[in-house]
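I would like the entire structure built from these sequences, with the hints used as guidance.
These are the residues of each chain, in order.
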Amino acid sequence: MRPPSRLAVVRVVLSVVLVVLVAAGPGWAETAPFAALTVTPNGPQRYDISSGVTTLPQGGTVVDQDTGVTLEAASMTYVEGVSIDATDASVTGSFGRLTAGSIHIDVPAATLRATGDLKLIRGGLTVQAGTLHYDATREVVDIRGPVEGTSPDFRADRVLLDAKSGDVLLLGRYRFSEGALTLTSPTGGGRLELHLHAVDGKPVYDAATEVSPALLARFSAELR
Amino acid sequence: MRRTRVPLALLLLLAAGVASAQCERSPTTSELSIRGFGAAYFHQVRTDSTHDRVDFYGGVCLTGEGVAWTMLAESVTVRGLSGDLSVSAQQPTLHLEGWTMTAANLHADRRELTLETVQVQGKDLSGTATSVTLDLQQGSLRLDGAALRGPTFSVRGTMATVRGNAVTVVYPRISSCTCAGSPLYDVEGSSAQIDLQGQSVVLRDGSLHAGPVTLPLGASLTLSEKALQDLSLPVKVTYLPSDAAAGITGTGLGVTVGPLHLGPGVQADIGATGLDADYPLAGLAMLTGKAEGDTFRFGKAPGGLRFDMTSDHPVLPWLDAGFDTRVLEPGNRDTLREAVLRLRAHTPVPAFRGDAGLQLLAAGSSQEPATGHVAGARVGANASLRMGTAPAPWGRVTLRATASETLYPDQGASQWGVELQPGYGVRLGPVQVDLGYLARFTDSGSPFTTTLDRLEPAQRPSLDLQAKGAWGAGWSASATFAARYDLVGSPSVGVGFNRLHVGATVAHRSGAWQLSAGVDSALEGAIAPDGQRAGYLQGSVRLTDGGLEFGARARTTWAPDPVGLDRLELSAAVPIELPGVELRPYLALNFAPTVTAGALPAISGHGLDVTLVSCCGALQLGYRDQDGTWSVSVSVDLQRRSAGSTQASGCGGGPATGTTLAVAGSGAQTCRAGATTGGGSTTAAPGSANGSASGSTSASGTGIMAGAASDASPP
Chain A
-9 MRPPSRLAVV
1 RVVLSVVLVV
11 LVAAGPGWAE
21 TAPFAALTVT
31 PNGPQRYDIS
41 SGVTTLPQGG
51 TVVDQDTGVT
61 LEAASMTYVE
71 GVSIDATDAS
81 VTGSFGRLTA
91 GSIHIDVPAA
101 TLRATGDLKL
111 IRGGLTVQAG
121 TLHYDATREV
131 VDIRGPVEGT
141 SPDFRADRVL
151 LDAKSGDVLL
161 LGRYRFSEGA
171 LTLTSPTGGG
181 RLELHLHAVD
191 GKPVYDAATE
201 VSPALLARFS
211 AELR
Chain B
500 MRRTRVPLAL
510 LLLLAAGVAS
520 AQCERSPTTS
530 ELSIRGFGAA
540 YFHQVRTDST
550 HDRVDFYGGV
560 CLTGEGVAWT
570 MLAESVTVRG
580 LSGDLSVSAQ
590 QPTLHLEGWT
600 MTAANLHADR
610 RELTLETVQV
620 QGKDLSGTAT
630 SVTLDLQQGS
640 LRLDGAALRG
650 PTFSVRGTMA
660 TVRGNAVTVV
670 YPRISSCTCA
680 GSPLYDVEGS
690 SAQIDLQGQS
700 VVLRDGSLHA
710 GPVTLPLGAS
720 LTLSEKALQD
730 LSLPVKVTYL
740 PSDAAAGITG
750 TGLGVTVGPL
760 HLGPGVQADI
770 GATGLDADYP
780 LAGLAMLTGK
790 AEGDTFRFGK
800 APGGLRFDMT
810 SDHPVLPWLD
820 AGFDTRVLEP
830 GNRDTLREAV
840 LRLRAHTPVP
850 AFRGDAGLQL
860 LAAGSSQEPA
870 TGHVAGARVG
880 ANASLRMGTA
890 PAPWGRVTLR
900 ATASETLYPD
910 QGASQWGVEL
920 QPGYGVRLGP
930 VQVDLGYLAR
940 FTDSGSPFTT
950 TLDRLEPAQR
960 PSLDLQAKGA
970 WGAGWSASAT
980 FAARYDLVGS
990 PSVGVGFNRL
1000 HVGATVAHRS
1010 GAWQLSAGVD
1020 SALEGAIAPD
1030 GQRAGYLQGS
1040 VRLTDGGLEF
1050 GARARTTWAP
1060 DPVGLDRLEL
1070 SAAVPIELPG
1080 VELRPYLALN
1090 FAPTVTAGAL
1100 PAISGHGLDV
1110 TLVSCCGALQ
1120 LGYRDQDGTW
1130 SVSVSVDLQR
1140 RSAGSTQASG
1150 CGGGPATGTT
1160 LAVAGSGAQT
1170 CRAGATTGGG
1180 STTAAPGSAN
1190 GSASGSTSAS
1200 GTGIMAGAAS
1210 DASPP
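For the record, the sequence lines run as chains A and B. Residue -9 is where the first sequence starts when you use the numbering used here, and the numbers rise one by one after that. Residue 500 is where the second sequence starts when you use the numbering used here, and the numbers rise one by one after that.
No wet-lab data here; the hints were simulated from the structure. It should be emphasised that the depicted structure is a prediction, and the values quoted were computed from it without experimental measurement. Any given hint could turn out to be false.
Unchecked claim - Here are the simulated distance ranges between beta carbons:
#	chain 1	residue 1	chain 2	residue 2	range
1	B	His606	A	Gly120	42 to 50 angstroms
2	B	Thr629	A	Gly120	56 to 64 angstroms
3	B	Asp694	A	Pro203	53 to 61 angstroms
4	A	Gly191	B	Thr629	55 to 63 angstroms
As the list claims (entries may be wrong) - Sample of chain A residues lacking proximity to chain B, with all beta carbon distances greater than 10 angstroms (derived):
#	residue
5	Pro98
6	Ala153
7	Glu168
8	Asp196
Glycine residues also receive a C-beta, built at the ideal position from the N, C-alpha and C atoms.
Rendered as structure tokens:
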């Protein structure tokens, strides 16, 4: 057995130090999402000491210990305390389960951005779209499109999701179908609130064109 | 805030709408389709899965799937989306194929749509209904407790169904009175079919109600533009003066009402003569019955007591049997009583476009002419043939031929007769030429008079020419020539021309004014001055606009008496309008005595038309005495209404609410006034011994339901 090279030993040591730092980092881990990440590589991980970028070529799993957000990806790079970039990834959190071609997590901003072949599944809602932006601090999902939902059946230019309540706001031109109903937006676009609640234990959405002030307040930042 | 949005929403919906009142989307309206029902266009929607309902608000336009209906409301609630669908709305306005309905409530499911407490407004009808139900599968409309008004009539019924342009009303009450409150009169029936396109009403089992009076109108009565032209009111006015020289005993002024339908096939005419002080008052009553092949008339007629009965029944396809009785008792002169049994064989003759027949008769007759009483049996036979050529550019030839032989065993007498009537008619441009000849050969052997069956020999050629034409700028003209010449004389007609008339008129219309001038002459008295035939030459000019009327007439007469200038007449009629009534006096002065003898002018004519205008239409009554000849006119103009009477239809009627906005926006109706004048009156023919008239409704305007025509035009 060939003894490890000096450089390899340094890398392993640094990696262990990083993981320890990530796991027990001071301050921000208690105040913001993505602050307490646990990274579990599926294979080797490479650390570029000059740039500070860690690469997991065979992917791995990242878990936010505070929010429970779990990222699994076929390949992944991250910069400690700055960002995580993953391809062919899936993220599971309070907003549901998201799969996307690529995902970028901005750790200081506590935001997640997904693009390419993305699909969001959560109780009573299945969405496919072009891009998704998740504000983990406010737990608001901003999906842009065209956005297409299969459960319930809808299409919209843009969708805002309250990850806490599950309520949805369709924006722009939209079409929403529920049973025998098919609701179409004004030609100039509009807003349609989909309020999630349960009937006989099944999640259903009630639609309203007059959006509740509470939901407007929740999405105030996105609607500015 | 919402209140300002609702009209805005409707306005936007309607502004984008088209004449068919389809919901059209504006940039600010959303759309919701409900599978199997229709689509909603709205500003706001809220679904409630817990209660399985959807609320639309802020201005909603709902349109049907399949049947073309559109509903506007401020809010609409849909329930049972997952099962039995139901739709409800408050204060909705429904548009359906030219109809606009505003209601207090609306309920609908996938099969039918029901409106409650409804105001109905159509192109030709408007009014109210307790409820309106639209069959969403068939598109038919049912109105319960309907009270509708057209431009010229109102109709109420327990139920009315609308299918396209056909409206059927069950147990209708129809009146031409369109004012509010109880109508002056109405017509009740078991059903009425209103054709909105053909503008006609067919009433079944109708009866007329006017105060305490009820008159049955028969099994079926059609009111339409054409029928109204031909409609005769059951009033007849006559005036028969005495003429001692002619041996005529006058009956004076008479009025007859009828026919009054008393039952199936039975009708009566009642009236009186001698209503003026110069003649004895006498009553008239005549009962007439009709059944299949049988008719009877019984009563007191102006000519005396009368009883006629006819019974005709086919025995074989080519053989009819009949039985007639006639009883005429005109006082103490020329009483006639008779019973006849007939047997008639007949067959068509297609090769000659005619038919042939052979009749055998046996009769018992009694007659009391001036010459004495004659009574006895008579038996006879007659053969007849009618034929003609097909109409062709060169004209048409016709021939009628009869031959008869009658035996009078009680008198030991007989009578034979042969009659030939060839004829030829051809149209040469604007001229119709008719040539005819009557040849009758007989031995005049009947012991009775010509009133019964006596024949007189005749050889009588005739020629009739009629020409009519019109050309540009409102000009028209016509000319007639009629000649009859008797080659053999008879006790009643001498040899020579018994008719030789020529006449021509020319007329010009310019706007409401019409100018006409004419000349006519009877020349037979000039050619054969035998003291029986007339001879005169007359010219006249008349100018009128329907109200004002000016005329001038001159006539010189040379037979039967050589009077010379006997008419130099100026006449005028001037309408005078008073509140609710219009008077039109007429006066004609004859200046011939002034010219010929230096005397004062004589009144040669007078008259008065009185037109009573009400919300039921205009009733015009009038009389005119011209040269001692009376004419009386009665006419009804349904198009003409008193000012302030309620006008229905899509123009000027209906509630001035949001409905008006809806109608205007979804195919505004532009109104133009319908024709309001007319004078479809019937007067006695000039020259007749007595004037009679029956009222007829005006033929003016555009018909019973189109007094205020409507055009659909986009807003």
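Hints numbered earlier in the text: which of these fail when held up against the supplied structure? Hint check: 4, 7, 8 fail, others pass.
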